[in-house]
Amino acid sequence: MKPLLIALPKGRLEEELLPRLKGSRFELDPRALKSRKLRIPMADPALAAILLKGADLPRYVAGGVAALGVVGSDILDECPVDLMELADLNFGVCRLSLCAPEHTTLEQLRHLPHLRIATKFLGATGRWLRQEGITAELVPLQSSVELAPVLGLADAIVDLVQSGRTLQAHHLAEFATLGKASARLVACRGTFLSEPDRIGPLAKGLAELLKAEPAQAG
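Quick note: the sequence shown uses my numbering, first residue 1125, plus one each step.
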């Protein structure tokens, strides 16, 4: 039988996730992790991980390639695919915030004749703008969003904020919080419903492991 695949995130959430897996059946093979392989064996030979970025991950789970996945709720909000959301894993917690140069005010932004907001969170930003009655042009960017106000591409940004250090380094400040984001455990609906005795306990064990604080090195 082929190993059951679990989709895990590369990037921001990866750094918090991997220490939580150590010493468990879900621990990733360290040699494979150092390679360029995207399919990584786990300690349990019946399991394997695929490491994916961004909006690709929910699609691999929804398509049945991976039975389970860990993904940020911010990604889920921007990628409306048919998934079962099983648990809030309580790590990778961030704010989705409207940010602009420190010398600006929210009222000044509201009254700009042509407000430009750079973000990769187009759905969440659009919903917030409609709720607030603000008209703005959305400038789609996938990375280094904080450079947009500095270099004149946009007046403000909407991005994830955790510590705020990156904002401070670019003399930006938060002016509104659009929502919160955290890591979520998701499942392929078809696989979960067709194999509940196999996937259910696996999902429960993974959720309990990821919700726990990782063991501190001695």
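To be clear, the hints were calculated from the coordinates, so they are not data collected in a lab. Check before you lean on any hint, since a few could be wrong.
[Said to hold, decoys possible] Simulated restraints, written as ranges between beta carbons of each label pair: (1) Q1266 - A1297: 38 to 46 Å; (2) G1257 - E1298: 29 to 37 Å; (3) E1332 - T1259: 27 to 35 Å; (4) G1188 - L1271: 35 to 43 Å; (5) Q1255 - A1179: 49 to 57 Å; (6) P1225 - T1259: 18 to 26 Å; (7) H1295 - P1154: 20 to 28 Å; (8) Q1292 - D1321: 15 to 23 Å; (9) K1126 - G1324: 28 to 36 Å.
Cβ atoms here follow ideal geometry from the backbone N, Cα and C, with glycine treated the same way.
Right, here's what the structure says about each hint:
no.	hint	result
1	Q1266 - A1297: 38 to 46 Å	violated, 23 Å
2	G1257 - E1298: 29 to 37 Å	violated, 20 Å
3	E1332 - T1259: 27 to 35 Å	violated, 46 Å
4	G1188 - L1271: 35 to 43 Å	holds, 38 Å
5	Q1255 - A1179: 49 to 57 Å	violated, 23 Å
6	P1225 - T1259: 18 to 26 Å	holds, 20 Å
7	H1295 - P1154: 20 to 28 Å	violated, 40 Å
8	Q1292 - D1321: 15 to 23 Å	violated, 51 Å
9	K1126 - G1324: 28 to 36 Å	violated, 20 Å
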